[in-house]
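Enquirer: Here are the chains, one letter per residue:
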Amino acid sequence: MGSHFNRRLAQVVPTILLVSILVFGLQQLMPGDPALVLAGETPDPQVIAQIRTELWLDRPLPIQYLHWIGNVLQGNLGFSWRIREPVAQLILTKLPVTAQLAVMAFVIAVMIGVPAGVLSAVKRNTVFDYAASAIGLAGLSTPNFWLGIMLILLVSVQLGWLPPSGYVPLTEDWRQSLATTIMPAFVLGNAIAAVLMRHTRSAMLTAMGQDYVRTARAKGLRERIVVIHHALRNALVPVVTLGALELGTLLSGAVLTEQVFSIPGFGKMIVDAVFNRDYPVVQGVVLVTATVYILLNLLADALYVLINPRMRAT
Amino acid sequence: MSATALPAPAAIRVAASPVSSPLALAVGRFRSRPVAVAGLAVVLIFVLVAALAPVITPYSPIATSWSAIRKAPSVAHWMGTDENGRDVLARVMFGAQASLLAGVISVMIAAGIGVPLGLISGFFRGTADALIGRIADAMLSCPFLILAIALAAFLGPSLENAMIAIGVTAAPVFMRVARGATLDAATNEYVEAARALGNPKWRVAIRHILPNIVPPVMVQATLAIAQAIIAEASLSFLGLGQQPPDPSWGSMLNAAQRFLTQAPWLAIFPGAAIFLAVLAFNLVGDGLRDALDPRAR
Chain A
1 MGSHFNRRLA QVVPTILLVS ILVFGLQQLM PGDPALVLAG ETPDPQVIAQ
51 IRTELWLDRP LPIQYLHWIG NVLQGNLGFS WRIREPVAQL ILTKLPVTAQ
101 LAVMAFVIAV MIGVPAGVLS AVKRNTVFDY AASAIGLAGL STPNFWLGIM
151 LILLVSVQLG WLPPSGYVPL TEDWRQSLAT TIMPAFVLGN AIAAVLMRHT
201 RSAMLTAMGQ DYVRTARAKG LRERIVVIHH ALRNALVPVV TLGALELGTL
251 LSGAVLTEQV FSIPGFGKMI VDAVFNRDYP VVQGVVLVTA TVYILLNLLA
301 DALYVLINPR MRAT
Chain B
1 MSATALPAPA AIRVAASPVS SPLALAVGRF RSRPVAVAGL AVVLIFVLVA
51 ALAPVITPYS PIATSWSAIR KAPSVAHWMG TDENGRDVLA RVMFGAQASL
101 LAGVISVMIA AGIGVPLGLI SGFFRGTADA LIGRIADAML SCPFLILAIA
151 LAAFLGPSLE NAMIAIGVTA APVFMRVARG ATLDAATNEY VEAARALGNP
201 KWRVAIRHIL PNIVPPVMVQ ATLAIAQAII AEASLSFLGL GQQPPDPSWG
251 SMLNAAQRFL TQAPWLAIFP GAAIFLAVLA FNLVGDGLRD ALDPRAR
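Note that the protein sequences, when read in sequence, are chains A and B.
Just so we're aligned: 227 in this note's numbering is position 227 of the first sequence, and the numbers increase by one with no gaps anywhere.
Just so we're aligned: 264 in this note's numbering is position 264 of the second sequence, and the numbers increase by one with no gaps anywhere.
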């Protein structure tokens with residue numbers, strides 16, 4: 001796979017460690033004493049002291065961190081202050097919901113963004129190109145929670161085609177599951193489609209100017225084959241990696257989209273945790289999303305190396 | 001010999017004609033892009049509306065009226081009224097204050113943290129560069145809104161804390177832009193000359209490098225304002241930004257969700273305001289990028 005990938009792999013561990021310090025540090029921003037929050041309405045000094053000992057809050061910060069990260073490495077992200085359940089378990093039950101939404105959103109984004117990018121590169125400087133750019137910019141400027149609300153207004157309230165909110169798991173009833181997730185997935189995919197379109201357009205324009213494309217044309221191949229088999233295949237390489245970077249947008253967008261469509265996923269969990277002052281859940285979600293994001297980027301790098309043979313030699 | 005030494009009158013005129021400054025050239029390039037100019041006009045309209053909101057609208061954005069609950073748009077209330085009988089147009093106008101302020105202040109915080117760190121990182125390199133770079137990497141690997149939500153949650157919900165959360169979360173991007181521009185500028189011959197003349201490092205960094213990183217930072221700032229407006233609206237939508245009864249586009253949309261069937265106008269106008277403001281800043285940012293860095297075209 002080459003040293004490039006190994007180098008990236010070596011960078012991942014310190015980055016995740018730094019993220020963990022950052023996430024742990026968040027707790028220090030909290031006004032007041034967590035033990036006081038946990039002790040409830042009528043704080044008993046003895047209970048507070050007991051909580052402080054249990055949570056290691058009476059130790060120095062570095063020791064607290066080592067204790068916390070030691071637990072995290074064993075898969076223990078602490079307990080939810082509100083429902084007294086392990087955070088890791090809570091996350092595991094919500095993850096498949098957000099993952100389904102994210103995968104559907106990505107598929108929608110690729111289905112819209114890549115063909116639109118190819119067409120606007122092939123028909124450069126025509127009405128089609130300008131229209132695609134304008135729609136792309138509009139997509140980037142639309143807050144996705146507003147787009148969600150507008151779609152509910154149109155598709156659910158006015159037309160009555162799809163349920164406005166709720167979620168049915170894929171394993172329970174796949175048709176209902178798709179019906180409840182197609183609108184939120186479109187909302188999530190929309191912004192990424194715009195970014196993918198821009199990337200595909202510029203990668204295609206670069207590819208179309210290359211010698212091998214000229215050679216393919218000179219051989220008398222049909223334009224369609226030149227575009228799809230020669231230019232697009234090479235243009236997709238940067239699009240794959242840049243597309244992976246959009247996973248962060250996807251996870252951020254999921255927070256709002258799940259809120260709008262009342263989908264019980266990852267994003268809704270962090271918002272609920274924030275309002276219940278359930279800080280271990282907030283920390284757990286940030287740590288897990290960041291780790292997932294870093295690992296998916298690594299995977300994209302591996303894919304990049306696989307698709308692009310020139311990278312294997314270096 | 002003497003004849004060739006004397007320049008021809010036409011050549012004198014050419015030499016004496018004023019040479020356009022880089023700024024004038026950039027302004028010219030920006031003005032040649034009608035879409036960017038239109039974006040700038042919309043931004044200016046939003047700024048005017050936000051500043052003059054108390055003068056333009058006869059309605060208070062927070063005064064409730066039980067006789068005018070959820071009235072559809074009419075001559076008296078152009079954008080209708082909300083669930084407490086408040087004029088939606090007045091709230092959209094005053095909401096512009098919160099959104100623009102949040103956009104500008106959080107970007108100032110982001111640039112205030114990111115640009116000096118990027119300058120240090122790119123100019124001094126070494127350990128500082130490695131350390132700052134790794135921290136930026138770590139922050140950039142947390143999805144933007146999730147980190148901003150976590151920060152806003154731990155700081156406590158308010159517009160000020162939302163601005164801090166957005167500013168801190170956006171800082172690594174400014175650091176990256178400033179670092180890249182610094183590395184680029186440091187290779188210029190006049191920077192080497194300034195060093196060779198024995199100027200102290202900080203002086204070279206501030207006097208010779210800093211002016212060079214202003215254009216890319218300005219482009220980034222304009223585009224970041226657009227993102228910060230969406231981020232503020234998102235945090236307010238979730239209840240982590242502007243607190244009621246003060247108006248904000250995001251919190252208006254949150255309230256509107258409950259009345260989608262009875263009062264759809266409550267959801268249409270604040271969202272359209274966010275869309276227009278963000279689109280305008282994006283257009284200005286794209287225009288500025290083309291104007292300040294013609295190579296990036």
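It cannot be assumed that every hint is accurate.
[To be verified] Looking from chain A toward chain B, a few residues come up when the C-beta cut is under 7 Å (computed):
| hint | residue |
| --- | --- |
| 1 | Leu-18 |
| 2 | Trp-146 |
| 3 | Val-292 |
| 4 | Tyr-293 |
| 5 | Leu-295 |
[As the list claims (entries may be wrong)] Some chain A residues flagged as far from chain B (calculated, every beta-carbon gap over 10 Å):
| hint | residue |
| --- | --- |
| 6 | Met-30 |
| 7 | Thr-142 |
| 8 | Thr-171 |
| 9 | Ile-225 |
| 10 | Thr-249 |
No lab work stands behind these hints, which were simulated from the structure alone.
Note that beta-carbon positions come from the ideal geometry of N, C-alpha and C, so glycine has one too.
Enquirer: Does each hint hold? Answer for all of them.
Expert: Now the hints, each set against the structure:
1. Leu-18: holds, 4 Å
2. Trp-146: holds, 3 Å
3. Val-292: Not OK, violated: Val-292 of chain A not within 7 Å of chain B, min 9 Å.
4. Tyr-293: holds, 5 Å
5. Leu-295: Given a least distance of 10 Å, the restraint on Leu-295 of chain A is violated.
6. Met-30: Since the minimum Cβ distance to chain B is about 5 Å, Met-30 of chain A lies within 10 Å and the statement is violated.
7. Thr-142: Given a closest Cβ separation of 6 Å, the condition is violated.
8. Thr-171: holds, 27 Å
9. Ile-225: Non-interface label stands for Ile-225 of chain A: nearest chain B Cβ at 30 Å, farther than 10 Å.
10. Thr-249: violated, 8 Å
Of the numbered hints listed earlier, those contradicted by the structure are 3, 5, 6, 7 and 10.
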